[in-house]
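Asks: Take a look at the letters that make up each chain.
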Amino acid sequence: MISDDEKERYSRQLLIPGWNQEKLKRASVLVVGLGGLGSASALYLAAAGIGRLHICDGDRVERSDLNRQVLYSESSLGLLKVEEASRRIAAINPSVAVVRHNAELDSQNAGAIISGCQIIVDGLDSLEPRFILNQESVRREIPFVYGAVHGWQGYAGFFHPPQTACLACLMRPDVFRPDRVPVWGVTPGTIGLIQAGEVVKWALGLAPSLLGRLLIYDGSSLSFEIISVEKDPACPVCSRS
Amino acid sequence: MVIYLKAGGELRSKLQPDVDYYTRRIEAEAGKTLSDILIGIGISPAFVAFAFKDGQLKRLDYLPSDGDIITLQPPVSGG
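Top to bottom, those sequences are chains R and C.
Residues 26 to 266 in the numbering used here are what the first sequence spells out, letter by letter.
Residues 4 to 82 in the numbering used here are what the second sequence spells out, letter by letter.
Okay, chain R solo, but in the shape it has when bound (with noise of 0.2 Å):
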């Protein structure tokens, strides 16, 4: 049941059709990275009023990530992000429980990490993790929300193998990575409220417009472009589960 103060809170995405805000309370989403895509989906996700957010990230606030990351200050500089992420969440919508791990992820803690969610969000800014993220959504049956942005450029998608196919049909580990990957504020604004909006349908059990599809965003010419990503019969990931 959601109270008096929630329907109050609620009332404007109430009057969408097919709108069901009980089912985003019961919601439990993870949140992995509170970068400048975690920043904009969990903030969404909070006021949207996602019952249980888990967040993670082991960083602390720098001053260069002030242009993108727009859960924190220059209050926050030299604060755990987890805990200002925290802060800011409460600030906006005390309702939403937040559930906080100060790490980073890797093999070894991804399984405690993913424990009790029902769906991941990739807020990452590195390839490694992401593959762990995509083998415990293989391995769990979980959507997987992929993110990912350089520049003026972003792709989103959202995979839920068996159904779809995973990350790793779509590309390789072994591509080059730059040592700093440029990026504004928009860049990640914009992908991080598309995985936002996305974890929403899915919630209220509406079908996402990216299941087993890629999202291609240049806002450098503003443009979108959505492409089908099939399953690999030699994925070294979901082909042997």
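Think of the hints as simulated: they come from the structure by calculation, not from any bench.
Fair warning: there could be bad hints in the mix.
Below 20 Å or equal to it, Euclidean Cα-Cα: the simulated SDA-like pairs (lysine to any residue) are [as the list claims (entries may be wrong)]:
# : chain 1 : residue 1 : chain 2 : residue 2
1 : C       : Lys61     : R       : Ile251
2 : C       : Lys17     : C       : Phe55
3 : R       : Lys256    : C       : Lys61
Chain R is fixed; fit chain C onto it per the hints.
Replies: Chain C only, in chain R's frame:
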């Protein structure tokens, strides 16, 4: 045969487009994979995360046909 490669993001400068801002015309030998063709024009496959044609994902072992228009996408890993 002739194929057209398009590149998004930072791959564009490596592709050196000659048809328009995004596209390069390539004369390729039939039977060569996309990976072989990329190496032939001096682009390491490590700079290509994936490719697509007509809205469908194509892997680097794809054998292009005459007239194909294939878009190359760079690795994108930031958050």
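Asks: Next pair to validate is Lys61 (chain C) with Ile251 (chain R); report whether the Cα-Cα distance is within 20 Å.
Replies: Holds - the C-alpha atoms of Ile251 (chain R) and Lys61 (chain C) are around 14 Å apart, at most 20 Å.
Asks: CA of Lys17 (chain C) to CA of Phe55 (chain C), is that 20 Å or under?
Replies: Holds. Lys17 (chain C) to Phe55 (chain C) sits at ~18 Å (cutoff 20 Å).
Asks: Is it true that the CA of Lys256 (chain R) sits at most 20 Å from the CA of Lys61 (chain C)?
Replies: Cα-Cα ~11 Å, so holds.
The structure is consistent with each of the numbered hints, conforming to all of them.
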